[in-house]
Amino acid sequence: MGAARDRSSDGDRWARRLITAAEVLVGGVAVLGIGAWLTLNPILLLLFLFSQPLLLLGVCLFAAGALASDASRRSPAPSSARDPAWSPAGAGRK
Amino acid sequence: MTMGLLGFLRSTPRFGEGWGSWVDWGILISLGVCTIIVVLIATTHLLYRRRATARPALVLSLVSLGILPLTLLPLGNFTAVEYAKQEQFCATCHAAMQPYVDDMRAPNGKSLAALHYQDNLAPTQPGIQCYACHANYGVHGTFKAKLQGLSDAYRYVTGTFTTPIRLRSPFKNEECLKCHLSSRLFRTVRLHQDMQGQVSAPLINGTVACGMCHASGHLVGGGES
Numbered sequence: 001m002g003a004a005r006d007r008s009s010d011g012d013r014w015a016r017r018l019i020t021a022a023e024v025l026v027g028g029v030a031v032l033g034i035g036a037w038l039t040l041n042p043i044l045l046l047l048f049l050f051s052q053p054l055l056l057l058g059v060c061l062f063a064a065g066a067l068a069s070d071a072s073r074r075s076p077a078p079s080s081a082r083d084p085a086w087s088p089a090g091a092g093r094k
Numbered sequence: 001m002t003m004g005l006l007g008f009l010r011s012t013p014r015f016g017e018g019w020g021s022w023v024d025w026g027i028l029i030s031l032g033v034c035t036i037i038v039v040l041i042a043t044t045h046l047l048y049r050r051r052a053t054a055r056p057a058l059v060l061s062l063v064s065l066g067i068l069p070l071t072l073l074p075l076g077n078f079t080a081v082e083y084a085k086q087e088q089f090c091a092t093c094h095a096a097m098q099p100y101v102d103d104m105r106a107p108n109g110k111s112l113a114a115l116h117y118q119d120n121l122a123p124t125q126p127g128i129q130c131y132a133c134h135a136n137y138g139v140h141g142t143f144k145a146k147l148q149g150l151s152d153a154y155r156y157v158t159g160t161f162t163t164p165i166r167l168r169s170p171f172k173n174e175e176c177l178k179c180h181l182s183s184r185l186f187r188t189v190r191l192h193q194d195m196q197g198q199v200s201a202p203l204i205n206g207t208v209a210c211g212m213c214h215a216s217g218h219l220v221g222g223g224e225s
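Chains as they are written, first to last, in our numbering: chain Y, 1 to 94; chain D, 1 to 225.
A couple of the hints might just be wrong.
So the derived list for chain D, only partly shown, Cβ under 7 angstroms to chain Y, looks like this [as the list claims (entries may be wrong)]:
| no. | residue |
| --- | --- |
| 1 | 41 |
| 2 | 52 |
| 3 | 66 |
| 4 | 73 |
| 5 | 77 |
| 6 | 80 |
| 7 | 92 |
| 8 | 150 |
Distance ranges between label pairs, derived from CB positions [what the hints assert, rightly or not]:
| no. | chain 1 | residue 1 | chain 2 | residue 2 | range |
| --- | --- | --- | --- | --- | --- |
| 9 | Y | 74 | D | 67 | 19 to 25 angstroms |
| 10 | D | 59 | Y | 57 | 19 to 25 angstroms |
| 11 | Y | 64 | D | 187 | 56 to 62 angstroms |
| 12 | D | 186 | Y | 64 | 53 to 59 angstroms |
| 13 | Y | 57 | D | 110 | 47 to 53 angstroms |
| 14 | D | 181 | Y | 60 | 41 to 47 angstroms |
| 15 | D | 43 | Y | 13 | 21 to 27 angstroms |
| 16 | D | 159 | Y | 54 | 25 to 31 angstroms |
Rather than coming from a laboratory, the hints here were simulated on the basis of the structure.
The C-beta atom is built at its ideal place from N, Cα and C for all residues, glycine as well.
Bound-form chain Y, shown alone (with noise of 0.2 angstroms):
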């Protein structure tokens, strides 16, 4: 029962930290950008510009942090996990 909650928050961990890397990525483009367009420096520009993968990789992030949260609600957790009552002990009895 413990294992299969381990699991599900691992995963759940694991796509909270993609969508918060996804999060860090993205938003600091977009602030470069919002930086580049009211100041129009060349440096900015410059910059926003170079920064374009790091907010495909931002999407790409996000993808993965959405997937990998969706297959940790769908991971069924085994019938001994949703029975309280069970215990191993009385698990072999008739």
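For chain Y, the structure is supplied; the task is to place chain D on it using the hints.
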């Protein structure tokens, strides 16, 4: 160093027309998309702290981390590259480039840059005269040229550039020939022709540089550049 967005939007002419060119709209829309992305990410964090995988949070994240970045990718790139063609972009590095821009804009200038600018010979649209001849440099051009542009910008900001400004490699004939090769006037000049009356191969392959006979591109600081 830079005029900022408001200054750019108020400045005329840029494309020889008032506000409302697609670069203007591209800049504003890119700015708007970036702002919305930041606001949505902040909102998602505030509303769904530690529940980033909850379904409503994922829906918000889909917009801020999926749809909007994929919109920003082509829009921001093309707008930035098109804006970088503007002579104002080149002139933002005032200390280094202003003499060249001034030379180009000089009403009675005798340099090639001035002659092309005053007679509006070079560009397909006004406002991009620098790019018309220096198309292999800076933001627009090869990836290597973009990196060089970034290193030049760094040198400008840190004040480690040297004057006079020098091109990294000799000015290529193809930058001249892309316009002049199809010109009847160019083709009828005897010096440009081979024995068969065609444009001579050394001109086309760059063995003989256009600059060997023609005026300097820029006349800056009393000398040739």
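Okay, the hints, checked on the actual structure:
1. Nearest Cβ of chain Y to the Cβ of residue 41 of chain D: about 5 angstroms, under the 7 angstroms cut. The hint holds.
2. Nearest Cβ of chain Y to the Cβ of residue 52 of chain D: about 5 angstroms, under the 7 angstroms cut. The hint holds.
3. Interface hint status for residue 66 of chain D: upheld, as the beta-carbon distance to the closest one in chain Y is roughly 6 angstroms, under 7 angstroms.
4. The interface hint given for residue 73 of chain D is met, as the beta carbon of that residue sits about 6 angstroms from the closest beta carbon of chain Y, less than 7 angstroms.
5. A distance limit of 7 angstroms between C-beta atoms decides the matter here; for residue 77 of chain D the minimum to chain Y is near 6 angstroms, and the interface restraint holds.
6. A least Cβ separation of about 5 angstroms between residue 80 of chain D and chain Y falls short of the 7 angstroms threshold, and the interface hint therefore holds.
7. The closest approach between the C-beta of residue 92 of chain D and any C-beta of chain Y is roughly 5 angstroms, which is under the 7 angstroms cut-off, so the hint is satisfied.
8. Interface restraint check: residue 150 of chain D against chain Y, minimum CB-CB distance 5 angstroms, threshold 7 angstroms, status holds.
9. Between residue 74 of chain Y and residue 67 of chain D the beta carbons are some 24 angstroms apart, a value that agrees with the proposed interval 19 to 25 angstroms.
10. The supplied range of 19 to 25 angstroms is met by residue 59 of chain D and residue 57 of chain Y, whose beta-carbon atoms lie about 22 angstroms from each other.
11. A hinted range of 56 to 62 angstroms holds for the C-beta pair residue 64 of chain Y and residue 187 of chain D, which are about 58 angstroms apart.
12. A C-beta distance of roughly 56 angstroms is found between residue 186 of chain D and residue 64 of chain Y, which places it inside the suggested range of 53 to 59 angstroms.
13. Remark: the range hint 47 to 53 angstroms for residue 57 of chain Y to residue 110 of chain D is upheld by a beta-carbon distance near 51 angstroms.
14. Residue 181 of chain D and residue 60 of chain Y have their C-beta atoms about 44 angstroms apart, which keeps the hinted 41 to 47 angstroms range intact.
15. One distance hint, 21 to 27 angstroms for the beta-carbon pair residue 43 of chain D and residue 13 of chain Y, holds here, with the actual separation near 23 angstroms.
16. The beta-carbon spacing between residue 159 of chain D and residue 54 of chain Y, approximately 29 angstroms, falls within the hinted interval of 25 to 31 angstroms.
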